[in-house]
Amino acid sequence: MSISATPRRHPADEAHPLEFAAHEFMALLSGALYWPVESTLLVADLHLEKMSSYAPAGQFLPPYDTGATLEYLSADLAFTGAGRVACLGDSFHRDEGPSTLLDRDRAALVQLMTGRDWTWIAGNHDPAPHGLGGECRDALEVDGLRLSHEPDPKRTRQIAGHLHPAARVKLNGRSTRRPCFAWDDARLILPAYGVATGSLNVLGPGFAGLFTLHRLNVLMLGRDRLYPVARRHLVDG
Amino acid sequence: MLEAARAGESVLLIAPTGAGKTLAGFLPSLDALIERPREGLHTLYLSPLKALAVDVTRNLTGPIADMGLSIRVETRTGDTPTHRKQRQRYDPPHMLMTTPEQLALLLSHADAARLFGSLKCVVLDELHALITSKRGDLMALGLARLARLAPDLTVSGLSATVAQPEMLADWIGAPAPARKVRLIRASGGAPPIVEILESQTRVPWAGHSASYAIPELYATIKGHKTSLLFVNTRSQAELVFQLLWDANEDNLAIALHHGSLDVAQRRKVEAAMVAGKLRAVVATSTLDLGIDWGDVDLVIQIGAPKGASRLMQRIGRSNHRLDEPSKALLVPANRFEVLECEAAKQAVAENAQDSPDPIEGGLDVLAQHVLGMACAAPFDAGALYTEITTAWPYRELSRSLFDRVVDFVATGGYALRAYERYARLRKTTEGLWRIANSRVARQYRLNVGTIVEEPMVKVRLVRGRGHRTGATTGPISRTGRVLGEMEEYFFTTLAPGDTFLFGGEIVAFEAMRDNEAYVSRSSAPDPEIPSYMGGKFPLSTYLAERVRRTLASPGEWRLLPDQVREWLELQRDVSTLPGTESLLVETFPRAEKFYLVCYPFEGRLAHQTLGMLLTRRLERMRARPLGFVASEYALAVWCAADLNFMVAQNRLSLDALFDQDMLGDDLETWLTESALMRRTFRNCAIISGLIERRHPGREKTGRQITMSSDLIYDVLYQHEPDHVLIQATRCDAARGLLDIARLGDCLKRIRRHIVHKPLDRISPLAVPVMLEIGKEPIFGEGRESVMAEAADELLKEASGKR
Chain A
0 MSISATPRRH PADEAHPLEF AAHEFMALLS GALYWPVEST LLVADLHLEK
50 MSSYAPAGQF LPPYDTGATL EYLSADLAFT GAGRVACLGD SFHRDEGPST
100 LLDRDRAALV QLMTGRDWTW IAGNHDPAPH GLGGECRDAL EVDGLRLSHE
150 PDPKRTRQIA GHLHPAARVK LNGRSTRRPC FAWDDARLIL PAYGVATGSL
200 NVLGPGFAGL FTLHRLNVLM LGRDRLYPVA RRHLVDG
Chain B
0 MLEAARAGES VLLIAPTGAG KTLAGFLPSL DALIERPREG LHTLYLSPLK
50 ALAVDVTRNL TGPIADMGLS IRVETRTGDT PTHRKQRQRY DPPHMLMTTP
100 EQLALLLSHA DAARLFGSLK CVVLDELHAL ITSKRGDLMA LGLARLARLA
150 PDLTVSGLSA TVAQPEMLAD WIGAPAPARK VRLIRASGGA PPIVEILESQ
200 TRVPWAGHSA SYAIPELYAT IKGHKTSLLF VNTRSQAELV FQLLWDANED
250 NLAIALHHGS LDVAQRRKVE AAMVAGKLRA VVATSTLDLG IDWGDVDLVI
300 QIGAPKGASR LMQRIGRSNH RLDEPSKALL VPANRFEVLE CEAAKQAVAE
350 NAQDSPDPIE GGLDVLAQHV LGMACAAPFD AGALYTEITT AWPYRELSRS
400 LFDRVVDFVA TGGYALRAYE RYARLRKTTE GLWRIANSRV ARQYRLNVGT
450 IVEEPMVKVR LVRGRGHRTG ATTGPISRTG RVLGEMEEYF FTTLAPGDTF
500 LFGGEIVAFE AMRDNEAYVS RSSAPDPEIP SYMGGKFPLS TYLAERVRRT
550 LASPGEWRLL PDQVREWLEL QRDVSTLPGT ESLLVETFPR AEKFYLVCYP
600 FEGRLAHQTL GMLLTRRLER MRARPLGFVA SEYALAVWCA ADLNFMVAQN
650 RLSLDALFDQ DMLGDDLETW LTESALMRRT FRNCAIISGL IERRHPGREK
700 TGRQITMSSD LIYDVLYQHE PDHVLIQATR CDAARGLLDI ARLGDCLKRI
750 RRHIVHKPLD RISPLAVPVM LEIGKEPIFG EGRESVMAEA ADELLKEASG
800 KR
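As given, the protein sequences belong to chains A and B, one line each in that order.
Counting along the first sequence from 1, when you hit position 205 you're at 204 in numbering that gives the first Met the number 0, and nothing is skipped either side.
Counting along the second sequence from 1, when you hit position 17 you're at 16 in numbering that gives the first Met the number 0, and nothing is skipped either side.
Any given hint could turn out to be false.
What the hints assert, rightly or not - Covered by chain B, according to a simulated footprint, are these stretches of chain A (three or more residues, beta-carbon under 8 angstroms):
1. 60-73
2. 227-233
Stated by the list, open to error - Simulated restraints on C-beta separations:
3. B:R266 - A:G208: 46 to 54 angstroms
4. A:R136 - B:Q659: 56 to 64 angstroms
5. B:Q717 - A:P35: 25 to 33 angstroms
6. B:Q717 - A:G143: 36 to 44 angstroms
What the hints assert, rightly or not - Covered stretches of chain B (in silico footprint by chain A; criterion: 3 or more residues with CB under 8 angstroms from a CB of chain A, positions within the stretch not fixed):
7. 418-432
8. 716-728
Keep in mind the hints are simulated off the structure, nothing from the lab.
Built from N, CA and C at the ideal position, the CB exists for glycine as well.
Next comes chain B alone, as it looks inside the complex (with noise of 0.2 angstroms):
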């Protein structure tokens, strides 16, 4: 790394979590600052986490200090003092530690220019986490700035092991083309040992507690020192945690970790996990980045890994020692990830990433930033505009969306000019553009970042009505305990009465007040509402495409347990396996109801969206489509009308089912209606400062601004679906919740390689995806036949027939 600061090169460090490639990123700086003391911010380091900055501070001003330098190293976050962040921006350290968001607010102000002339050097922590989200956005659109400020400017980049290293190393040389950007490659050390759980019990159907596992959970961890353990969602953390403490006879300090959990609660588990108190923790995707954690020796994966390179960032977070092996376990919740971890682990062993690729820049990141840079100075646009095409993710912007953003800045870029008279950005005689008044850079930094909360209610308990009973109105008692928060959206979705579960205990949905949601206990033995709503991350295509082909060679299931080698031969003999390149369909009937079960492996938001358009179209086919269910491996379709009957009289075509110009008209038809576009919009939209985030003196609550931004969205859809905003809307949609690209590329392999198999009954291979029926979320897209049932029943009372 020496050598290539010395040689002005900026550099792309790769190596394992934990290999010490953090404070590796500073030697060049502290060379310098040695060889050549100096005052003013010489080094800027930004982090994804606040804990991390504060920590690599703690870590570099002990030496510093020991050494007898006179090297200052201060922290810049959220949590600063404002007096301090001032002084900062006049006296600054010679190295500042600080966030992306922290970053474009020094950006903002006038003064930018003077403190950031003097930087040499800036380091970029954890980059492979940050150049999937909009925050990456943000940051590159920060160096690109930077980098025009101080042109002697190098990069430090520190990221884990990707897929695709040459394009990270891009991405950190993009503002500085003439810059070399040396690649560097830390060795990973010993190569880890990962092992699946063999368990004696049953591995069940479907689910994502791994129960069945608890007990041989709870003595592993009794075998270890330390134990890390990650599951992929929040409930499952839960459920987790409460049924090892169940188990937890020795009293082992076994702990939880999970985002929405209280700050104070999460920094206390972090400091007892340092401290090497802690026997175990239970974590989500939270402790995937951060600091270094004393004493890990083994790493547990509970449920599908669902990428490989995710799994072996997890498993680098144990024995930070190089020369020893790392020690993962995984522990398969149902059938098919019992078939995904053996995927996962032929991954690691063989070292194949699967890291996704860094994204392409938001249009509302963009306009946050360019308002941004308006209020730092009045800027040229034709200036402007060249240097964003220097932050990798914006290489490809065109001059005409660039202005289209400008003037969405301005005046809200409507093709109705409505807002002149208000404009935020107005042009000077110059032709520069300026910001109108003070008043729109105070609410520029109060909007600043690209993380946008989920507007959260309490949930609290209260007596209930007695819905069983019938009894929907009169007044409920609004005392009761609180039990904690939850996804405002949660609620949007449910009817009084609806059960679900919560706190470990099954509580029905009383009413909406006053954000707060009122519940009330519920003597159901089964919520009917789930509340878990899957992974943030999707099966990743390379460890679906391992998991096709184990299916498809029956040769490799002599490494399968025997269970699920037996379940695998019984779906062979009864109805068939799914093909590499093929798409099995399979369709039975089941009480009084006729299924489709088809297996494209391609994650549950794939599916979910070809669950969505399979619907609207067998609604058109006369099939009565009643509702559908999405797993990460398979989707169900249930219908009114025999499906087997309708092949079998050529009335319904699989071929023109599953053809790929489903992803035209009916997409876009279904889009106008989608609750996840309305949802990806309002991020947009506040990101981009149409919808501000809190104001001075009058914050609005996270409940209000999702009511507004639907109809904002839908008057915008109808009057100007081209407008920038629908087209960030629509980018987002389809590269996160929708997963289309990804829809698109299976539908483009099955064409005309359906395989259909016409059943009698359920065939093995279907059952967890059934099985999933009532567990997961249920789209019964059908909503304006509910109020024709309703309506046609009142016709038969009137005409006295009912």
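Next up, chain A with everything else stripped away, as it sits in the complex (with noise of 0.2 angstroms):
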């Protein structure tokens, strides 16, 4: 895995519309999918607690991850006003995580799972049931769309995370790498969207098999905008 470049920005103002399935959705600057017609919010990999898992073994990283992570979520909920959140798994980097929570974070949790649908779909990183509210759940079925955390090769119609997909368009010369949506006519693959995650290029052998290459769409995540880029820009690294 390696990084994204560059620090993602909010706020949620810039959206994307995504066609998948024969549904409409809205693709967000921070990697969330909106669903308006099922006012649904999706979102995998938030990855909550991941700094901190370091703490017991001594070392102390920036405690700040969860806490920026919610604070893009609550903004997506508020411009998006979703009834219903899916996360689509490893949700927590470990199952201590939701113990581990601070106070401040735990409070900002409850307050954006207050009067809304919440779905926790277990992850490898959070296969464990937890009392945090919601529901936990292993997978979704949502107007014939299957969600969950790992993609199936077997299956189509299914929206799912856990890769971390980026791409790395290559142009005139100059390249950038960034995280994105992937999706062919089979699958969807969410970004991750928890901040101190790790991305994989689409092209790279983790997604191998996974998508038809000359079916596979794009869609990154720039600074201000997101940017739809052809197959052919597009390089492994």
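If you follow the hints, you should be able to join the two separate chains into one complex; please do so.
Have a look at this one:
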């Protein structure tokens, strides 16, 4: 994995339409996907409490990642007015995450959840259910689409996370690499939402066999807007 | 020296390299130990190089044994076996030869007070080299502790000639202000003979290889017994060595010595050199310090000397007989370097020194030291603060900043108190800080030191996937031979298909897999991506001034070779010459782009920073900048908009463009995203102990550290930008990689003194920097615009306009 070169900025007031499996979505600059018809906000790989997970071993990394990720989420919810939230797994960096939340972060999370239909889908980092509220489950079906953490090459009509997709665009000798939404006719993979997450190139081995390459769409997260980029301008690395 | 020692004074001995000053440093100790034999550690010798500690031990034990003295001399380095290290702590020799890192380790043990209580003398070797690095910070802090443990301690500092010896005397005297420091200057012997290679062939406009001079160089080597050839970078060393071997018809013994060669290989070269078996060694700064090299009768500096003091220290590596002059030959690699060599030659003749001053103490090193002191014994914050301010680099440290560093060590130092229950340091009921458990001490000992290795990756040659046909996916074969190692950082800047020079051939980058970089042979005639990153040392301000003066005074041009003089005369005719107190800015069109070339002469680092900031401003002024390239002398920026026209229409003001205020908000915004800040942060994070170098049993690979430190930096910078570690990073970056102070001085000097020369075409003076395009890293900052262009294309395609 490697890291996006530029810290992502908010707010969410820049959105880009995204059509997948005959449904209309709005891709947000933060990496969230809004589904207006369902009033549902989809986010993947929040990795909350990632920095603090090193503290027991004596490494005190900045404890600001959880708060920052929740601030983004709060802005996206305010912008979209979503009544329902589905977190597509790896919401916490490890199963202990819900218990290490600082009071202020826990309060912020509770406030976001209040009055909303909230689903925590289990991920490989946080397989165990927890008691934070909302519903903990392995996957979710919404309007014929399956929402899960890991993509399944055998299914179609699925939205997943897990892989932290990024793309590198190369044009006229210059190149830049950013997290992205990546989809073809069968599946849509969301970028990792958490501020402390790295990324993998969609053309790299991590995505092997997942996309029909000539049908691959990529929407890159820029500094102030999202950029749809053609497959022929993408390179690995 | 004996006189000073008998008077109980410390000493700073300034002498040219190889004047036998190292052994002189031990005279007082030998004298004392012969007069009054005793047990316990008496003298500690600290050197920046393990090899030097070993060599000095050898040079001392011989005479001691010959005289039948019962004085024990031992070394202690990373290579010393564990059992001997342990024995040295309870049964120390009279004299211990070691490094600053080993001293820090010894001081972190509970028995440090007993071990060092008997210490009478510390000898600090190659002090001029240590005081400009973080290792010097570490040593200064160790010295402050030693001075407290051993109140009678005297210090003998040994240094090459420096610009400000008084400052160095203060440095070594700071821990014991009551003790006098006697400054002793050894005479330099006969002044060196410095010549500049007068080539019969054309000196190239640009480049760093000096390949034009190889036949003359080879002849010179043949004419001398042993030559030492200094170059500024590793890749230069490789290239010059290769070229010399190609010309080596007589099979002369010519060797190569630089930092990425295998240690065993380097030792072999050094041994052959001492034994007088080599005719020439091509070396980088790895040989700037170190043990004496038999009979070197000529020092050759290839490429710019960068600084007068540096050059004199290098020249000092030859001919250690003081009555005979050392001989040096300067070989400029391009035309600007002819001017720099001339300036350096004059500076040597005048014995003008421009060595850098000691640096101010880093907060990351301080954090490491505070943890080490807690490992030794619980400490009182007030007492430790007082002790630390007796270390010269920390003499101006405020109590509040010190307290923040202690807080950082204890729980991370965050405004958000998240880690109290995991604290590494806890306060005892008596109000002392102690380590929370023994694991903390173990971790400290594994992380000690200030040298952070760049993470390296293996470069493996594989069969290509055929990028020329556009195939960028599919399996790559994983078998192939390893070509060598290269900084991992370099590969993060590459996209698959990019070509670069490695091990003498042009290769294409294929992929990064499992900590290896896969490359394939390329048929490209020129590498796209330059791997020459310039030397570590920028052109000294002093030499830069001299070069500017030479340019502005045609009367001095008679000293220059004809071709260089003609070049300057042409510049005077078609444009104008840069003045001493003004800045010449030329603008001209070329191949559908519009160039701005300026000549600040402030060194590559300062020019890179200027380039980053100028492109930001040009973007705002709608000049559509596309990229820039910086050399030691000049900066070229190219734009899509017609700069001549914009200036003529008053739509672009050069005074506003070069206004000092760019060091405010523009700098800040750029720093947020700068890769240089991230790299600097990684070093600070490792030295301070935020990120661990290695763990018992689960060693992190360099690659893992790099990626996590980038994320940590992003999160920390955004949420607590005044955190003590960001502060440390900022100081380091401003001083090292960005050279901001120097750029600031330059902008101030040229304020309202900009001489603009709109031209129809490139000027003679601009040719060298323009030729660097494609050879030097180019900084295209408009990264967002790459995506925007690609997105626009897609839109056109979708709307059928393509």
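Check whether three or more residues of the stretch 418-432 of chain B sit with their beta carbon closer than 8 angstroms to a beta carbon of chain A. With 3 residues close enough to chain A, the hint holds.
Between R266 (chain B) and G208 (chain A), does the C-beta distance stay in 46 to 54 angstroms? holds (50 angstroms)
Taking beta carbons only, do three or more residues of the stretch 60-73 of chain A come closer than 8 angstroms to chain B? Check passed, 7 qualifying residues.
Distance restraint evaluation - Q717 (chain B), P35 (chain A), Cβ atoms, bounds 25 to 33 angstroms: holds (30 angstroms)
Determine whether the Cβ-Cβ distance between Q717 (chain B) and G143 (chain A) falls within the hinted range of 36 to 44 angstroms. Holds, since Q717 (chain B) and G143 (chain A) (Cβ atoms, about 39 angstroms apart) stay within the stated range.
Could you see if the CB distance from R136 (chain A) to Q659 (chain B) stays within 56 to 64 angstroms? holds (60 angstroms)
How about the stretch 716-728 of chain B: do at least three of its residues have a C-beta closer than 8 angstroms to a C-beta of chain A? As far as the stretch 716-728 of chain B goes, the hint holds, because 5 residues have Cβ atoms under 8 angstroms from chain A.
Annotated coverage of the stretch 227-233 of chain A by chain B, confirmed only when three residues or more have a Cβ within 8 angstroms: holds (count 4)
In terms of the numbered hints stated before, the structure departs from none.
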